[in-house]
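Undergrad: The numbering used here applies: residue 1271 is where the sequence shown begins, and numbers increase by one.
Rather than coming from a laboratory, the hints here were simulated on the basis of the structure. Just to be clear, a hint being listed does not mean it is correct.
Said to hold, decoys possible - No farther apart than 25 Å at their CA atoms in a straight line, the calculated lysine-lysine pairs in the DSS-like style are these:
| id | residue 1 | residue 2 |
| --- | --- | --- |
| 1 | 1474 | 1431 |
| 2 | 1322 | 1479 |
| 3 | 1431 | 1394 |
| 4 | 1474 | 1322 |
| 5 | 1356 | 1322 |
To be verified - What follows is a set of in silico ranges between Cβ atoms, one per label pair, in the way DEER data are often shown:
| id | residue 1 | residue 2 | range |
| --- | --- | --- | --- |
| 6 | 1453 | 1478 | 18 to 24 Å |
| 7 | 1450 | 1487 | 27 to 33 Å |
| 8 | 1482 | 1340 | 17 to 23 Å |
| 9 | 1425 | 1482 | 26 to 32 Å |
| 10 | 1430 | 1477 | 16 to 22 Å |
| 11 | 1449 | 1381 | 25 to 31 Å |
| 12 | 1427 | 1379 | 36 to 42 Å |
| 13 | 1355 | 1430 | 29 to 35 Å |
| 14 | 1481 | 1396 | 28 to 34 Å |
| 15 | 1454 | 1370 | 19 to 25 Å |
| 16 | 1482 | 1426 | 21 to 27 Å |
| 17 | 1379 | 1428 | 34 to 40 Å |
| 18 | 1452 | 1379 | 33 to 39 Å |
Note that CB positions come from ideal geometry on N, CA and C, so glycine has one too.
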Amino acid sequence: MSYSIEQIINRPDTWQGSEGRCNSRVILTTKSANADWHNRQSIPTGFDSLDKELHLNGWPTHGAVEVLSDQDGAECMGLFLPTMQKLASEKRWQAFINAPHTPYAPLLRAHHIPTEQVLMVHPKHRDETLWATEQAVRSTTCSTVFAWLRSTHFRYAEIRKLQLAAASTDTLLFLFRSSDALSDSTPVSLRLHINAYREVTVVKQRGGKREVDVRLPTNPILETHDIAHRGKALATKTGTFLTPVA
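Produce the entire structure from the sequences given, and follow the hints as far as they go.
TA: What follows is the structure, encoded as structure tokens:
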């Protein structure tokens, strides 16, 4: 394990799903993070209607994905549950960096996503967010990295650095940003805009069509999950992100 990712894991503001400092169920190795997909250009999203509009027929394995929304990105998480479930077999971390909410354990377990694979990092400022995101992507210990850049302005060069990091590995990288960033130029491989319930716009993609509206089908993954008296469900556009009740 690289020194940098070890620094992240040992930070006091990093939380591991196993509630421990050492998780034997997560593989720490120098091998490819997503070995089963190493020689493929993409990983299916889990939604056929979206895959058929994407040039690579899925999430790019060598490049970043920007997800823009009017809120904080929490309402988009249902879109990624199939991917998290698919990559759980890789036994790597699924990192949440600067997330606005905490993943709700019963929801993850319901989709066969081990909570011990969840790694939460709470950076203190924007530079730490960028640093932690890059280190997590460049390490071989994370199969997926979800990073919230919030509404803070980020320079093209800063996003490009994350894009290059993702292009050099097969770790999936999703960057959540405000819809205000729609007018900003971006170097990422794929940019999506979540603009209505179950509606996704493919704003740009390398080698493929732009400004394509995709209507996701009715799917239990995208509906509100009600786990009685154990958590609070947030009404969402394309999914549900649950937080534990204080």
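Undergrad: If a hint holds in the structure, say so; if it doesn't, say that too.
TA: Hint by hint, here is what the structure shows:
| no. | hint | verdict |
| --- | --- | --- |
| 1 | 1474 with 1431 | holds (19 Å) |
| 2 | 1322 with 1479 | holds (11 Å) |
| 3 | 1431 with 1394 | holds (20 Å) |
| 4 | 1474 with 1322 | holds (15 Å) |
| 5 | 1356 with 1322 | holds (19 Å) |
| 6 | 1453 with 1478: 18 to 24 Å | holds (21 Å) |
| 7 | 1450 with 1487: 27 to 33 Å | holds (29 Å) |
| 8 | 1482 with 1340: 17 to 23 Å | holds (19 Å) |
| 9 | 1425 with 1482: 26 to 32 Å | holds (28 Å) |
| 10 | 1430 with 1477: 16 to 22 Å | holds (18 Å) |
| 11 | 1449 with 1381: 25 to 31 Å | holds (27 Å) |
| 12 | 1427 with 1379: 36 to 42 Å | holds (40 Å) |
| 13 | 1355 with 1430: 29 to 35 Å | holds (31 Å) |
| 14 | 1481 with 1396: 28 to 34 Å | holds (29 Å) |
| 15 | 1454 with 1370: 19 to 25 Å | holds (20 Å) |
| 16 | 1482 with 1426: 21 to 27 Å | holds (24 Å) |
| 17 | 1379 with 1428: 34 to 40 Å | holds (35 Å) |
| 18 | 1452 with 1379: 33 to 39 Å | holds (35 Å) |
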